[in-house]
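A.B. asks: Here are the chains, one letter per residue:
Protein chains: 2
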Amino acid sequence: MKKKARGYYSKCEQFDYAGTHLLLELWGATNITSLEKVKEALIDSIDACGATLLEIKLRYFSPNHGISGIAIIKESHLTIHTWPEFGYVAIDIFVCGEVNPYKAIPVLKKAFKPKKMQLLELKRGILE
Amino acid sequence: MKKKARGYYSKCEQFDYAGTHLLLELWGATNITSLEKVKEALIDSIDACGATLLEIKLRYFSPNHGISGIAIIKESHLTIHTWPEFGYVAIDIFVCGEVNPYKAIPVLKKAFKPKKMQLLELKRGILE
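Going down the list, the protein sequences come from chains A and B. As numbered in the working numbering, residues 1 to 128 make up the first sequence, in order. As numbered in the working numbering, residues 1 to 128 make up the second sequence, in order.
These are calculated hints, taken from the structure and not from any lab test. Just so it is clear, the structure is predicted and the values come from calculations on it, not from any experiment. Just so you know, even glycine gets a beta-carbon here, dropped at the ideal spot from N, CA and C. Hints are supplied without guarantee of correctness; some may be wrong.
Claimed, not checked - Reference listing, derived: stretches of chain B covered by chain A, where coverage requires no fewer than 3 residues with Cβ under 8 Å from a Cβ of chain A:
#1 29-36
#2 40-54
#3 62-68
#4 78-88
#5 104-110
Unchecked claim - Distance windows between CB atoms, simulated:
#6 B:Thr30 to A:Lys110: 26 to 34 Å
#7 B:Pro63 to A:Ile43: 23 to 31 Å
#8 B:Thr30 to A:Lys113: 42 to 50 Å
#9 B:Thr30 to A:Glu128: 29 to 37 Å
#10 B:Lys123 to A:Tyr102: 32 to 40 Å
#11 B:Ser62 to A:Lys123: 42 to 50 Å
#12 B:Asn100 to A:Lys123: 39 to 47 Å
#13 A:Lys11 to B:Lys11: 40 to 48 Å
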C-alpha cells in the first residue's frame, strides 16, 4: 500500500476504508419544493457534520416542483433529490476522514419533518 | 397517490419507484489523477445512458491528487471520487425515468481500466 494522506480515508477498529456512505429515504416530507429550504438543509447538514463545503449546485424541476441539490465537500459529497408528488426525498451523505455523517440527521429531520425515515449505511472502498 | 409527472419516476413489472442507484467500486484504476479524463468519463457516461447533463463540477485535491466530480442530470446525479494512493474509485449513478445506468459501465471501464469492479444496485423510493 502506498503512502496515505491523513484525513482522506477512514478507519475503524477492524479495517481501513475510503469512506462512509449513508443513503437516507424520507417519506411524508415537507418543505421539499423550496430551493431556499433545501439549500439551507444541505449547508446546515454539512456544518453539523463538521465537513467543508467546496461547491454547491441546485436545480428546480417542473412540472413536479422537485429539486436536485449536490454539494462537493472536502470529504466527498452530499446529494438530495425531492419528489414532492410522493412526499419522498433521497439523500446521500458520503464522507471520509473524521467526519460523522450521522450528525446531519437531526438537521434533516428538522428541515423536512418526515413522517418516516429509512437509512442504509455502506462502507465504501475497504482497504486490504 | 397524487398525479405523477412522466419521466420523473421509474417502473418495473412489479412496482413503481423513484430511481435506480448503482454504486460502483473500481480497483486498480488508471487515469484517476487527471481532471480532464475524469470529466470526460463523467460526460461520456451521461451521454451513454441517454441522460441530460445540467451541472458539472470537479475538484482536485492535494497531496493525494484525488479528484471529486459531481454532475446533476435531469434524471438525478452521477458522482465520482478517486483515491489514487489506493487505485480506488467510488462512482454513483442515480437515475430515474427510462435512463439505463448500466450503459455507463463500458465507458467507465474504458476510461479507467480497472483490474476489478464491484457493483451494488439499489432501487430508491419504492412507491406503494
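A.B. asks: So, for every hint listed, does it hold in this structure?
C.D. replies: Going through the hints against the structure:
1. 29-36: It is violated: at least three residues are needed, and the segment 29-36 of chain B offers just 0 whose Cβ sits closer than 8 Å to chain A.
2. 40-54: violated (count 1)
3. 62-68: Result for this restraint: holds, n = 4.
4. 78-88: It holds: at least three residues are needed, and the segment 78-88 of chain B offers 6 whose Cβ sits within less than 8 Å of chain A.
5. 104-110: violated (count 0)
6. B:Thr30 to A:Lys110: 26 to 34 Å: For Thr30 (chain B) and Lys110 (chain A) the Cβ distance comes to about 44 Å; the hint is violated.
7. B:Pro63 to A:Ile43: 23 to 31 Å: 27 Å, holds
8. B:Thr30 to A:Lys113: 42 to 50 Å: Once the Cβ atoms are compared, 46 Å apart, the range 42 to 50 Å for Lys113 (chain A) and Thr30 (chain B) holds.
9. B:Thr30 to A:Glu128: 29 to 37 Å: 19 Å, violated
10. B:Lys123 to A:Tyr102: 32 to 40 Å: 24 Å, violated
11. B:Ser62 to A:Lys123: 42 to 50 Å: For Lys123 (chain A) against Ser62 (chain B), whose Cβ atoms are near 25 Å apart, the range 42 to 50 Å is violated.
12. B:Asn100 to A:Lys123: 39 to 47 Å: 28 Å, violated
13. A:Lys11 to B:Lys11: 40 to 48 Å: With a Cβ separation near 42 Å, Lys11 (chain A) and Lys11 (chain B) satisfy 40 to 48 Å, so the hint holds.
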